[in-house]
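A.B. asks: Same order as they appear, the protein sequences are chains A, B and C.
Note that the first sequence covers residues 1 to 258 in this note's numbering.
Note that the second sequence covers residues 259 to 632 in this note's numbering.
Note that the third sequence covers residues 633 to 698 in this note's numbering.
For the record, the hints were derived by calculation from the structure and aren't laboratory data.
C-beta: ideal position from N, C-alpha, C; glycine also.
Cross-link-like lysine-lysine pairs, in silico, DSSO-like; alpha carbons within 30 Å at most:
#1 A:K23 to C:K640
#2 A:K106 to C:K640
#3 A:K228 to A:K23
#4 A:K7 to B:K291
#5 B:K380 to B:K403
#6 C:K640 to A:K89
#7 B:K291 to A:K165
#8 A:K35 to A:K221
Only some residues are given here: those of chain A computed to face chain C with a beta carbon under 10 Å:
#9 Y24
#10 D27
#11 I62
#12 S73
#13 K98
#14 I158
#15 T208
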Amino acid sequence: MSNDIFKLGGLEFESRLLTGTGKYADDSVIPDVCKASGSQIITVALRRVDLESETGNVMDFIPKHMQLLPNTSGARTAEEAVRIARLAKAMGCGNWIKIEVISDNKYLLPDGYETAKATEILTKEGFVVLPYVNADLYIARSLVDAGAAAVMPLGAPIGTNRGLKTREMVRILIDEIDLPIIVDAGIGRPSEACEAMEMGADACLVNTAIATASDPALMGKAFSRAVKAGRDAYLSGPGAKHSHAKASSPLTGFLHEG
Amino acid sequence: MSFYPICAEYNDAPLAEQFGSVTEQDVRRALNKNTLGPEDFLALLSPAAVPLIEEMAAKANQLTLQHFGRTIQLFTPLYMANFCTNKCVYCGFNTKNNIPRSQLGPEELEKEAKAIAATGLKQLLILTGDARAKSSPEYIESAVKILRKHFPSVSIEIYAMTEEEYSRLVEVGVDGMTMFQETYNEVLYPELHPAGPKHDYRFRLDAPERACKAGMRVVNIGALLGLDDWRHDALKTGIHAAYLQNEYPEVDIAVSLPRIRTHVGDAFTPKSLVSDTNLVQNMLALRIFLPRCGITISTREAPDFRENILPLGVTRMSAGVSTEVGGHTGDEEEEKVGQFDISDERSVDEMCEVLRKHGYQPVFKDWHPLQEAS
Amino acid sequence: MIVKLNGKDAELSGKTTVLGLLESRNLPPESVVVEINMEIIPAENYGSTEINDGDHLEILRFVGGG
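Whole structure, please, built from the sequences with the hints as guidance.
C.D. replies: Okay, here's the thing in structure tokens:
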């Protein structure tokens, strides 16, 4: 399936695995992860410069060919997300933004209402908006109306590595929403990313599971293959499994009588 | 938005070829999916699916139980008028047929309503012929006002209207709209509907969508199976229902599966005869393709058949039916002519008893407006 | 003069521009974004934008994130 192109934000990608730059023990491994995973889209966050101590610049480790996807982490309201998005754009690395609005630090679940508000404002300003939300049909519809470029439902609460807990809800989004569905957050193992792709998700964003592996580059490669395998399975159409045992009294027996 | 361009694609497609090339593996794959696409629906409607009909039945049965439980909604049609300006070659109300024509006045409506309400039914489907001059939107509005006193749910099966006209009917308390495209075949359609307002294919095709926009709670579509190759119309009907479900998720979309029956007048020969197996295959395919779609079966079908299909996907049935104007109260001696002959003449009580015997609960109404219509 | 710099009071000696401030802190201008009193300063204006007493400055950069 060499012609299976992933279209997002007006661009075309071969890889359907998005990665992040958070939680690495050492950022210098990021280039290896990017190479091994084949990922073409990578997330970063925006923070105040630490003026007291010298810190490395994460940008030094991101391969130049990659599409940068800044997020609005730290935003607690739509207003703050919009502010961060505008700052990120001023960095001169494109107009993509992953909206993330979280005001509940216990569960780190995204605020769908504020996210939709921010999405609407930013799409009008020409941003390519990728909102991170709960797997909820109504929120997803409001994001479609707001002009989002994709919907990024969570598989499980952020950073939990608990897998595709929202399976049934994500399935509904895949069926009902005419935007790319990118499963973000919660995916802990390649098999879970594979399952999401096999169900028909358009892509997966995996950060923690790769960054915190003992060998991040190898895990990046594993995720790349899992995402590809799931995608191929989805495209090939799963074969039949004989789930229906023959009923003892057939439901359609009456058609053969008389 | 309109279903028209989508429908046009299907009308241009080599459907006979596509149905013919489906393999048993295609059918099994479709049966194994959680969410089916149009190509899966086509596979389930194809001749290749016939040998797998029992497996389809098992899946359709499971989906129907899951989404609707063991319930059947009962309703009855009320024929308010049979004046008609159309010349549909297969219809008993065809303007060329020399039959007595009438329209119920306020008192007769009240009488009919009382007689039907006495049977316990709560859902009424009102019908007229296609004659705007005789059965005007104003006439229908005033009739609805009378009928709503006796029925919490009144739906319409009348000529195609504008969105504004549908809105006005919603305001006076109409909650459902039924509209059969008869056939989706755009070439055949004008041949079967050579004159009258119904001649306008597109205006009719978009009518269910206008009803959705106007705020109807239930929109019921269908094709009169047999006018064209039944597989073709069954496919397009399902695609139409899927389109409406997607565009108007707030509306309950239902599909009727009428097959053509005899009536007075010119002997019309249907293009394809729809056997019991065909009709069952259509119902199963539709249920598997659209698990939450309502499926309506009328009293055109025989009592045995209606009972046999209970587990297979049907959710709504008519009962205690007369297709004659004023047929619920009129003088038995008086000669009247119905739109078509019915097969299941059992009373509402008898139907309820039969349903219970099969383990199904007859449902007379499943919702009631909180606020009375103005 | 005293300004608010990334949430903390900071003493700046004499008049300076955004570019001057970044250079004095060893921050490559292309690696940061600067906001003064909630207004984003376009990079091409760093050299011409003067900092005034009491300004609220935010200097941000990309860091690792998911």
